[in-house]
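Protein chains: 2
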Amino acid sequence: MLNIVLKGGDVLCADGQVRQTDLAISGSIIAQVGNINETADRIIDCRDKLLIPGFVNTHTHAAMTLFRSYADDMMLMDWLQTKIWPAEENLTGEDVYWGTQLAIAEMLKSGTTCFADMYFFMPEVAKAVAESGIRAVLARGMAGVAPTANQALAESESFYKEWNNGADGRITIMLGPHAPYTCPPDYLKKVTALAEKLKAQIHIHLSETAGEVAECQKQYGKSPIALMNELGVLDHGVLAAHCVHVSSEDIAIMKEKKVRVAHNPGSNMKLASGVAPVPDMLAAGICVGLGTDGAASNNNLDMLEELRLTAMLHKVHRLDPLAIPANKAVDMATCKGAAALGLDHVGKLEPSYKADITILDMKEPHWHPRHDRLSLLTYAANASDVHTVIVNGKVLLDNHQLTTIDQERLLAEVDRRGLRLVKN
Amino acid sequence: MLNIVLKGGDVLCADGQVRQTDLAISGSIIAQVGNINETADRIIDCRDKLLIPGFVNTHTHAAMTLFRSYADDMMLMDWLQTKIWPAEENLTGEDVYWGTQLAIAEMLKSGTTCFADMYFFMPEVAKAVAESGIRAVLARGMAGVAPTANQALAESESFYKEWNNGADGRITIMLGPHAPYTCPPDYLKKVTALAEKLKAQIHIHLSETAGEVAECQKQYGKSPIALMNELGVLDHGVLAAHCVHVSSEDIAIMKEKKVRVAHNPGSNMKLASGVAPVPDMLAAGICVGLGTDGAASNNNLDMLEELRLTAMLHKVHRLDPLAIPANKAVDMATCKGAAALGLDHVGKLEPSYKADITILDMKEPHWHPRHDRLSLLTYAANASDVHTVIVNGKVLLDNHQLTTIDQERLLAEVDRRGLRLVKN
Numbered sequence: 001m002l003n004i005v006l007k008g009g010d011v012l013c014a015d016g017q018v019r020q021t022d023l024a025i026s027g028s029i030i031a032q033v034g035n036i037n038e039t040a041d042r043i044i045d046c047r048d049k050l051l052i053p054g055f056v057n058t059h060t061h062a063a064m065t066l067f068r069s070y071a072d073d074m075m076l077m078d079w080l081q082t083k084i085w086p087a088e089e090n091l092t093g094e095d096v097y098w099g100t101q102l103a104i105a106e107m108l109k110s111g112t113t114c115f116a117d118m119y120f121f122m123p124e125v126a127k128a129v130a131e132s133g134i135r136a137v138l139a140r141g142m143a144g145v146a147p148t149a150n151q152a153l154a155e156s157e158s159f160y161k162e163w164n165n166g167a168d169g170r171i172t173i174m175l176g177p178h179a180p181y182t183c184p185p186d187y188l189k190k191v192t193a194l195a196e197k198l199k200a201q202i203h204i205h206l207s208e209t210a211g212e213v214a215e216c217q218k219q220y221g222k223s224p225i226a227l228m229n230e231l232g233v234l235d236h237g238v239l240a241a242h243c244v245h246v247s248s249e250d251i252a253i254m255k256e257k258k259v260r261v262a263h264n265p266g267s268n269m270k271l272a273s274g275v276a277p278v279p280d281m282l283a284a285g286i287c288v289g290l291g292t293d294g295a296a297s298n299n300n301l302d303m304l305e306e307l308r309l310t311a312m313l314h315k316v317h318r319l320d321p322l323a324i325p326a327n328k329a330v331d332m333a334t335c336k337g338a339a340a341l342g343l344d345h346v347g348k349l350e351p352s353y354k355a356d357i358t359i360l361d362m363k364e365p366h367w368h369p370r371h372d373r374l375s376l377l378t379y380a381a382n383a384s385d386v387h388t389v390i391v392n393g394k395v396l397l398d399n400h401q402l403t404t405i406d407q408e409r410l411l412a413e414v415d416r417r418g419l420r421l422v423k424n
Numbered sequence: 001m002l003n004i005v006l007k008g009g010d011v012l013c014a015d016g017q018v019r020q021t022d023l024a025i026s027g028s029i030i031a032q033v034g035n036i037n038e039t040a041d042r043i044i045d046c047r048d049k050l051l052i053p054g055f056v057n058t059h060t061h062a063a064m065t066l067f068r069s070y071a072d073d074m075m076l077m078d079w080l081q082t083k084i085w086p087a088e089e090n091l092t093g094e095d096v097y098w099g100t101q102l103a104i105a106e107m108l109k110s111g112t113t114c115f116a117d118m119y120f121f122m123p124e125v126a127k128a129v130a131e132s133g134i135r136a137v138l139a140r141g142m143a144g145v146a147p148t149a150n151q152a153l154a155e156s157e158s159f160y161k162e163w164n165n166g167a168d169g170r171i172t173i174m175l176g177p178h179a180p181y182t183c184p185p186d187y188l189k190k191v192t193a194l195a196e197k198l199k200a201q202i203h204i205h206l207s208e209t210a211g212e213v214a215e216c217q218k219q220y221g222k223s224p225i226a227l228m229n230e231l232g233v234l235d236h237g238v239l240a241a242h243c244v245h246v247s248s249e250d251i252a253i254m255k256e257k258k259v260r261v262a263h264n265p266g267s268n269m270k271l272a273s274g275v276a277p278v279p280d281m282l283a284a285g286i287c288v289g290l291g292t293d294g295a296a297s298n299n300n301l302d303m304l305e306e307l308r309l310t311a312m313l314h315k316v317h318r319l320d321p322l323a324i325p326a327n328k329a330v331d332m333a334t335c336k337g338a339a340a341l342g343l344d345h346v347g348k349l350e351p352s353y354k355a356d357i358t359i360l361d362m363k364e365p366h367w368h369p370r371h372d373r374l375s376l377l378t379y380a381a382n383a384s385d386v387h388t389v390i391v392n393g394k395v396l397l398d399n400h401q402l403t404t405i406d407q408e409r410l411l412a413e414v415d416r417r418g419l420r421l422v423k424n
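Chain order of the listed sequences is L and G. Residues in the first sequence are numbered consecutively from 1, following this note's numbering. Residues in the second sequence are numbered consecutively from 1, following this note's numbering.
Think of the hints as simulated: they come from the structure by calculation, not from any bench. Incorrect hints may have been included.
[Claimed, not checked] With a straight-line cut-off of 30 Å between C-alpha atoms, the simulated DSS-like cross-links for lysine-lysine are:
| no. | chain 1 | residue 1 | chain 2 | residue 2 |
| --- | --- | --- | --- | --- |
| 1 | L | K258 | L | K49 |
| 2 | L | K189 | L | K258 |
| 3 | L | K328 | G | K83 |
| 4 | L | K394 | G | K363 |
| 5 | L | K363 | G | K363 |
| 6 | G | K423 | G | K394 |
| 7 | G | K7 | G | K83 |
| 8 | G | K423 | L | K328 |
| 9 | L | K218 | L | K127 |
| 10 | L | K7 | L | K328 |
| 11 | L | K49 | G | K423 |
| 12 | L | K258 | L | K161 |
| 13 | L | K423 | L | K7 |
| 14 | L | K423 | G | K328 |
| 15 | G | K363 | G | K328 |
| 16 | L | K49 | G | K83 |
| 17 | L | K189 | L | K199 |
| 18 | L | K258 | L | K218 |
| 19 | G | K363 | L | K423 |
| 20 | L | K127 | G | K363 |
| 21 | G | K7 | G | K255 |
| 22 | G | K197 | L | K363 |
| 23 | L | K127 | L | K394 |
| 24 | L | K363 | G | K127 |
| 25 | G | K255 | G | K222 |
| 26 | G | K328 | L | K83 |
| 27 | L | K83 | G | K363 |
| 28 | L | K363 | G | K328 |
| 29 | G | K363 | L | K49 |
| 30 | L | K363 | G | K423 |
[Said to hold, decoys possible] Computed Cβ-Cβ distance ranges for the label pairs, DEER-style:
| no. | chain 1 | residue 1 | chain 2 | residue 2 | range |
| --- | --- | --- | --- | --- | --- |
| 31 | L | Q20 | G | P147 | 58 to 68 Å |
| 32 | G | D78 | L | E131 | 30 to 40 Å |
| 33 | G | P86 | L | Y220 | 55 to 65 Å |
| 34 | L | G166 | G | T39 | 55 to 65 Å |
Just so it is clear, CB atoms sit at the ideal spot from N, CA and C, and this is done for glycine as well.
Generate coordinates for the entire structure from the input sequences, incorporating the hints supplied.
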């Protein structure tokens with residue numbers, strides 16, 4: 001017997017077309033898309049609703065929700081040195097657990113079913129992921145210049161061994177060297193050796209700011225992408241966050257090495273980092289997913305906003321209204337994002353794919369009239385339209401209510417902890 | 001006795017600070033901000049809610065909601081000539097009435113209490129405004145090159161006489177010459193003569209695209225702003241939509257003539273028009289409000305999105321994270337917008353101001369923790385957080401429910417009409 005049948009919704013099918021049909025879930029898997037007459041444990045009426053693959057947030061620092069709205073409209077280094085780093089000094093493992101739960105609550109309520117995280121106290125993050133039911137790709141952030149450099153390598157290895165493929169296969173572990181400017185070549189060699197040993201992939205920040213690229217050129221005579229290539233970092237399956245300041249030579253390297261990109265338009269706009277050459281990357285055939293970055297630099301984890309910004313920012317930046325059309329942006333927010341995280345059979349509403357599904361209510365005025373549903377999703381929808389969310393076959397958001405997280409307790413915890421962390 | 005007391009909310013006061021306090025409404029006016037012990041007809045519990053002046057949408061074409069999602073990701077002229085203009089040919093007065101009601105429903109539900117509109121069948125628009133209870137500044141769009149050129153002038157005059165200061169003073173009428181490229185100098189002289197006669201102000205599109213400015217330079221040897229100045233258009237109180245491609249000389253003229261600007265970042269991004277030099281206009285002391293433009297080129301009427309885009313787009317465009325901070329963007333979306341429309345005592349939560357108030361619920365995860373409420377409003381909130389909306393002292397949205405519009409009937413009407421309009 002089927003576990004769940006989603007009945008009569010408008011389904012974004014794997015061919016990119018939206019059709020009114022049914023969708024059946026068996027265990028953690030999509031069993032069927034089409035007219036379904038079989039019975040099931042649960043039937044959900046999806047008329048007037050849009051079913052899409054769950055959003056994949058390819059780059060965030062989940063627990064930084066605790067610093068949401070703490071410091072904005074500042075120069076990057078001032079922001080880091082006077083605000084974020086001192087506050088992060090106060091973080092405990094418990095804070096990270098609750099901050100991550102806050103992020104997961106917000107992500108589920110806005111339709112995200114999978115996220116890639118880089119932070120610290122990562123076993124606490126994995127615990128939050130395991131308990132909540134969401135899917136995640138986790139990396140212990142490592143800075144070679146920090147006193148914790150060697151400890152971070154050891155923690156990454158034990159974290160990988162304990163949690164990779166954990167929580168019913170919902171958790172994948174990557175290695176997380178923070179960035180070339182915090183990880184010198186010798187340290188990156190240790191990271192690649194560990195990647196080789198564990199067969200783990202790598203999540204890293206690359207070429208986020210012009211200053212960082214100029215500094216790399218000055219110090220090593222090459223771009224961060226070229227330096228990573230020389231050090232062998234790109235040989236292990238790399239998820240590269242940002243890639244704002246990349247040249248056509250960089251893009252050629254990225255293409256050759258199958259580097260996958262996490263594009264974070266909201267963070268890049270708010271921090272004034274610049275506009276990544278995403279149309280060029282797409283033209284080169286590079287896999288580009290979307291991410292929110294941390295809530296301290298965004299300040300939410302709303303993938304619908306990133307989807308919309310992706311479709312709009314590149315149009316105005318290139319002065320080309322055809323730069324990234326709605327359907328391409330939706331792909332980047334869903335199946336391309338899953339591919340960017342190296343996940344198999346995630347990101348499409350198709351039989352044999354993981355049942356990671358976001359169901360949006362189309363009843364509000366901004367969904368009318370409905371000439372084109374993907375256009376409405378991209379340019380008109382908002383996060384609160386997300387009605388029900390299914391991950392790995394389990395309903396985690398049911399008619400706007402979280403099923404695995406006690407929201408009231410969560411908000412009380414994070415309010416208390418958030419205020420404590422920023423006290424001098 | 002007071003009519004309404006809003007009790008214990010976090011109030012964005014006229015000095016820009018947020019304080020937990022009470023707010024009293026008497027008739028259409030804010031009577032008091034501070035601790036209130038008097039009784040009232042209605043007391044609304046505003047704990048855990050943020051009270052801000054209602055958003056002012058300084059530029060839209062409300063009835064174009066009917067074309068929402070009909071045609072996107074196209075070149076501007078292709079979009080207009082093959083899609084929008086043929087569909088507009090099919091519009092009836094009744095369509096415009098229902099399309100405007102749809103826009104008003106969406107605007108109220110997302111916290112907008114006043115909008116500036118330019119379209120046709122304007123008495124139908126005024127009727128929708130009068131019935132719904134929202135505040136509006138309306139202009140009959142006029143194109144001097146169209147066969148309806150003289151009729152539009154006559155309609156503008158009768159519309160002004162019938163509706164200016166109508167609906168309990170909620171409606172103001174402006175004259176709406178569409179743009180310099182559709183209104184030749186001789187026609188604009190007739191418009192300014194009518195403005196002079198009626199003492200009416202002017203709402204016009206200026207310098208939206210680079211192509212339009214280049215064409216104006218070629219034809220008249222000057223920029224659209226300079227041409228308007230020469231023709232006397234700027235002497236009558238002008239609300240200028242877009243102003244994307246303006247030079248420093250243009251900005252000097254705008255400053256001298258007290259031109260007020262409707263900045264539409266969402267539309268400018270989606271149509272790839274360019275980025276308006278808003279930081280320069282603000283530095284020159286020009287009054288800049290925010291607008292959504294029509295829903296065919298946005299595709300929603302969500303002022304929170306325009307507020308966020310304003311705070312984010314100019315940062316990345318100038319590579320300056322301090323370009324437009326949250327509090328300045330909030331001003332542009334509220335009190336500066338009211339000033340841009342020439343409205344008196346609208347746009348602040350202060351005694352003697354009109355009771356146009358938007359109340360946002362801060363209960364969702366993306367509002368936690370709360371280090372800074374204006375930052376949360378600007379960078380994290382979404383339209384569905386709008387809980388209750390008051391215009392001119394009347395509750396028009398009550399706990400997410402429209403009080404003056406039958407939403408179910410409305411959506412059935414616009415769905416039917418929207419599909420009819422685009423049939424070939």
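Do the hints match the structure? See the list:
1. K258/L x K49/L: 36 Å, violated
2. K189/L x K258/L: Measuring from Cα to Cα gives roughly 20 Å; hence the hint holds.
3. K328/L x K83/G: With a Cα-Cα distance of about 22 Å, the restraint between K328/L and K83/G holds, given a limit of 30 Å.
4. K394/L x K363/G: 25 Å, holds
5. K363/L x K363/G: Roughly 22 Å separates the two Cα atoms, so the pair holds.
6. K423/G x K394/G: Judged against 30 Å, a Cα distance of about 39 Å means the pair is violated.
7. K7/G x K83/G: Violated, at roughly 49 Å.
8. K423/G x K328/L: Roughly 27 Å between the alpha carbons, so the hint for K423/G and K328/L holds.
9. K218/L x K127/L: 42 Å, violated
10. K7/L x K328/L: With Cα atoms ~27 Å apart, K7/L and K328/L stay inside 30 Å; holds.
11. K49/L x K423/G: Status holds; Cα separation ~24 Å.
12. K258/L x K161/L: The given pair, whose Cα atoms are some 25 Å apart, holds under the 30 Å limit.
13. K423/L x K7/L: 51 Å, violated
14. K423/L x K328/G: Cα-Cα ~27 Å, so holds.
15. K363/G x K328/G: 25 Å, holds
16. K49/L x K83/G: Holds, because 27 Å separates the two Cα atoms, which is no more than 30 Å.
17. K189/L x K199/L: 15 Å, holds
18. K258/L x K218/L: 26 Å, holds
19. K363/G x K423/L: 23 Å, holds
20. K127/L x K363/G: It holds: about 25 Å lies between the C-alpha atoms, which stays within 30 Å.
21. K7/G x K255/G: 41 Å, violated
22. K197/G x K363/L: 46 Å, violated
23. K127/L x K394/L: 18 Å, holds
24. K363/L x K127/G: Given that 30 Å is the threshold and the Cα spacing comes to 25 Å, the pair holds.
25. K255/G x K222/G: The given pair, whose Cα atoms are some 18 Å apart, holds under the 30 Å limit.
26. K328/G x K83/L: 22 Å, holds
27. K83/L x K363/G: 26 Å, holds
28. K363/L x K328/G: 34 Å, violated
29. K363/G x K49/L: 25 Å, holds
30. K363/L x K423/G: Given that 30 Å is the threshold and the Cα spacing comes to 23 Å, the pair holds.
31. Q20/L x P147/G: 58 to 68 Å: Roughly 43 Å apart at Cβ, these two residues miss the hinted range, so it is violated.
32. D78/G x E131/L: 30 to 40 Å: At roughly 51 Å between Cβ atoms, E131/L and D78/G fall outside 30 to 40 Å, so the hint is violated.
33. P86/G x Y220/L: 55 to 65 Å: 58 Å, holds
34. G166/L x T39/G: 55 to 65 Å: 60 Å, holds
When the structure is compared with the earlier hints, violations turn up for hints 1, 6, 7, 9, 13, 21, 22, 28, 31 and 32 and for no others.
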